[in-house]
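J.: What follows is each chain in one-letter form.
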Amino acid sequence: MFTELVPLALTAELFPNGIFRYAVGGLLVGLGAVVIYMGTGIPAGASTFLESTLSYVSDQSRFQQYRSSRDWRIVFTLGIILGAAVYAVFWQGGTWTTDVQPWRLLLGGVFVGIGTRIGKGCTSGHGVCGVGSASKTSIVGVMTFLLVAIVTAQLVQAMGVSP
Amino acid sequence: MSGNRHPLFMPLIFVGGLIFGFGLGFSHMARPEVVLDFLQFDDFGLLFVMFGAAIVTGIAFAIMPRVGDRAPLTGRAYGRRLKSFDRNVLIGGAIFGVGWGLSGICPGAAYASLGIGNFTILWALVGMFAGAYIQGYWRSQRAASETTPAGAD
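Residue numbers (our numbering), protein chains in the order written: chain A, 37 to 199; chain B, 295 to 447.
Calculated from the structure, these hints are not laboratory results.
Everything numeric in this text was worked out from a predicted model, so none of it was measured.
Be aware that one or more of the hints could be misleading.
Claimed, not checked - Ranges between beta-carbon positions, derived for each pair:
id, chain 1, residue 1, chain 2, residue 2, range
1, B, ILE349, A, SER94, 34 to 42 angstroms
2, A, LYS172, B, ARG370, 32 to 40 angstroms
3, A, LEU44, B, HIS300, 15 to 23 angstroms
4, A, GLU49, B, ALA438, 19 to 27 angstroms
5, A, MET195, B, PHE379, 31 to 39 angstroms
6, A, ASP107, B, ALA371, 20 to 28 angstroms
Here a beta-carbon is modelled for each residue, glycine too, at the ideal position from N, C-alpha and C.
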């Protein structure tokens, strides 16, 4: 009896919200990338959209190299927004707003914008498609940003910043 | 590539984006709080999202090159997502990590967050575009001052 309860309690501690939403959501994220890959051969990531979209408004050479993909990346991003909206309407039961403070979002966003582009990918490019490709570069990239993000989040929490 | 694309190219990208975004909403990754809970060791669910997704793509990346040479809508060869390793992966990864840990938000999840009605996330999106512009401006200037072309990544 007791030995049966220990792993159960441990599971509840590690996953207070269960694992269903995470596992099913993750499989769907992967499926979305696979649908695009099977039809087009493109292992898509979400962060190149930032640079490719900037090519519409900036002549900088760095952005112009993404001209050929900038239109479909907008369609991909619109799909992501709409897909999440479908979830919000039918499962979430309305809109949801974060309590994380705007300065954290803005400053964090700047670091994400710089880092993901210099580091050649984000949580979807490296984390999903890169790791799925067993790419050593992506695995090292994921380990790097995971580790630094954990340290950062723990520091911010230790400084009493919440939410 | 553009101009004579297959008529189903854009619809397929859109459908893929829909599923991808729905998954991000369903997995709660579009909520910065849930990501921060993971980074602060309060809820390890994010591991299931990232590895669940990577396993699904991993299966497709392993199978597709064997069953077909080229993708039907682009004629593009099925390959894996392999990027060259250099110290930018570490430097950029670390900078990204600081931003992710500070905000709980990454690009795909930020777009999805907009979809779940979280308009406060526009702060993060403005930040991301600003950050992407800063690095792009800096790297463009640097590339212009060097004669050798930068590697495509």
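J.: Hint by hint, where does the structure go against what was stated? Just the numbers, ascending.
T.: 2, 3 and 4
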